[in-house]
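Chain by chain, the residues run as shown.
Protein chains: 6
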Amino acid sequence: MATVPLLNDEAASDEARAVFDAIRAARGGDYVNNFWRALAHDPALLRATWERLQDVMAPGALDPMVKELIYIAVSTVNGCSYCVHSHTAAARARGMSAAQHGELMAVIALAMQTNALATALQVETDDRFQA
Amino acid sequence: MATVPLLNDEAASDEARAVFDAIRAARGGDYVNNFWRALAHDPALLRATWERLQDVMAPGALDPMVKELIYIAVSTVNGCSYCVHSHTAAARARGMSAAQHGELMAVIALAMQTNALATALQVETDDRFQA
Amino acid sequence: MATVPLLNDEAASDEARAVFDAIRAARGGDYVNNFWRALAHDPALLRATWERLQDVMAPGALDPMVKELIYIAVSTVNGCSYCVHSHTAAARARGMSAAQHGELMAVIALAMQTNALATALQVETDDRFQA
Amino acid sequence: MATVPLLNDEAASDEARAVFDAIRAARGGDYVNNFWRALAHDPALLRATWERLQDVMAPGALDPMVKELIYIAVSTVNGCSYCVHSHTAAARARGMSAAQHGELMAVIALAMQTNALATALQVETDDRFQA
Amino acid sequence: MATVPLLNDEAASDEARAVFDAIRAARGGDYVNNFWRALAHDPALLRATWERLQDVMAPGALDPMVKELIYIAVSTVNGCSYCVHSHTAAARARGMSAAQHGELMAVIALAMQTNALATALQVETDDRFQA
Amino acid sequence: MATVPLLNDEAASDEARAVFDAIRAARGGDYVNNFWRALAHDPALLRATWERLQDVMAPGALDPMVKELIYIAVSTVNGCSYCVHSHTAAARARGMSAAQHGELMAVIALAMQTNALATALQVETDDRFQA
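Chains as they are written, first to last, in this note's numbering: chain A, 1 to 131; chain B, 1 to 131; chain C, 1 to 131; chain D, 1 to 131; chain E, 1 to 131; chain F, 1 to 131.
Bound conformation, chain A alone (with noise of 0.2 Å):
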């Protein structure tokens, strides 16, 4: 049901295939997500998104389970079905508990409920949470 056909290894171009390869190296499996392979008719935006996740997604000043937590949220508010569902899995792979996925939850929505009321109320943002 996707835009364009999903490519695999033997459709994709050399670069794109390459990509493809970097991606099993990175995760220790041969399983290449249909993300990556509807990417794949652009390899330049192939390998562009692809070392940019690694880039931003690897361990820093937060860590990688917080920064799933982040990428559903986002996911979540843009509605995006594929992303909640591949990042959500990911967060439980990095460590989510019920818990933890329950309180997102619960932020998530609070969130929403807020940012609304913030909206239709037109509140003036108070001089003291500016920078």
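Read the hints as simulated data drawn from the structure, not as lab findings. Since the structure is predicted, the reported quantities are computational estimates derived from the model, not experimental observations. Even glycine gets a Cβ: it sits at the ideal position worked out from N, Cα and C. Warning: the hint list may mix true and false statements.
[Unchecked claim] A few chain C positions that, by computed beta-carbon distances, are all more than 12 Å from chain F:
1. E10
2. D14
3. A26
4. N33
5. Q54
6. P59
7. R92
8. A93
9. A99
[Said to hold, decoys possible] Ranges between beta-carbon positions, derived for each pair:
10. A:A99 <-> D:R94: 34 to 42 Å
11. D:S97 <-> A:E10: 50 to 58 Å
12. F:A58 <-> E:A131: 24 to 32 Å
13. F:A58 <-> E:P59: 22 to 30 Å
14. E:Q54 <-> C:A61: 20 to 28 Å
Keeping the supplied structure of chain A fixed, place chains B, C, D, E and F upon it in accordance with the hints.
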């Protein structure tokens, strides 16, 4: 510029002022920010929102600072200026460093990007991402 | 701060000014609000938008005040500051009470919350909700 | 296809099942829809969401059917498929006619259109729309 | 799975069928796609939407293919699966190449990213960008 | 009003200032706009964003002006005021005429409208639109 006047303590009903006092007690300070003063036109909504915030943002399986990061992510995607300002301030008050803020920005930006790609390509969810 | 200058009556084309006059006639007043003055750079778009507004917002199976409540709800989720302001004013002009405004806020906030939960959990639609 | 399994009555905790029973009692029927079964992994969130729904959607200054129209509007802008389906069904159950549904569609579509125009042109709010 | 049944030619009113026939005449084929069959429950909305589409998407200062690219961009951000599918097909029918599709994806993804950064950092608009 | 102070050349790190200089060289002028000065708190994010912008917005299969139109469309739906202003200015600098701006407005507004209708009616994608 709000769509309702902000209510100061004199203008607020007894029920709303009781919530203002609960906010002061919880935060250990006298200041009540504009959001609550706008909500005070509907004391029941004010109370329900404040009590929910207290429950959801308390320490639990997730750290309160992490909850604020999630809040910023949701508020950003919703484009809620007030909420971005107030929760960035709250995250700093709970210890968010400049490096953590930078990584939060990078994760949000990356998620926006892959959300749009997955949606524009209408990529179907892999079976392995199903619960 | 608009991305186009607002056109006053002198600057507007004859075609745009004719729409300004239609707005004045329909509203029984001289004031033409900024939205129409910004649209006046494209008189065909100005006319099409004004005429559609007249058709859609007229009394019908739904009360004009209820239509304004729906308009506020959409404008809130889209984060359109101008629209939230103008349609909150319009709803009040059509009789929206403070209590109705409060309930509107509560319903919008609740819907935001359950929307996010259904999306984050990717809940499948029950058969009984299919038309 | 949810990101969590839907919990049937056996799998649900006592606390969650008590909410299922409250849903049955309120609706006068045995069916508990998928949304609540997905939320049941976090009984506190399940309970808080159900109780808030009961409070907010009850008859008040706005008619329950009107509240459902507002709910559909919010759900549409958020692109929540589950919510559009379930609240369209709820609106019909509360008496929404085909003509009212058609007008709801027209108002939502119009608001989307003028929201985008006001945002793309960055029209400044008229003084007279300030509270 | 729609919230209304799709109306075939027999089920549609005379007024709706006249629009179906206008669609067939404009497109030189017999097929009427689901969107119009869902809208046919409200013949006035069906007609207004079809006529607006004809006006707006006609060749003008912008090429019809470019208009389809813009349509895909909007539909992606709104997360409208139906619209992404139908307008990607329409863009291809108007000559969009694979390379153009790839660049469209890259621009949308980039814009999402910088939109979020500007919003999360609440960057104030430079004077020189004011009209 | 940003959530971070804008960094001038003195306050920026060497790494950030190098990007400022790259921006000046690419644009042939001294001015560095606020977006980059806000991003400068995280020089790596600043560099990655600037380099990506250079790659993606360069002439290719799509004209740079067309890319700016797409950028405006995305920014509008996201409600990013800064981005709407800056990319409207950029589109004009690349030759966007008033007539083209007007048609862009009309296409965005139309897409918003049909996006909402397809979502509110939950229209299923026709087989012929599948890739």
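*asked:* Are any of the numbered hints broken by this structure? If so, which, sorted upward?
replied: none
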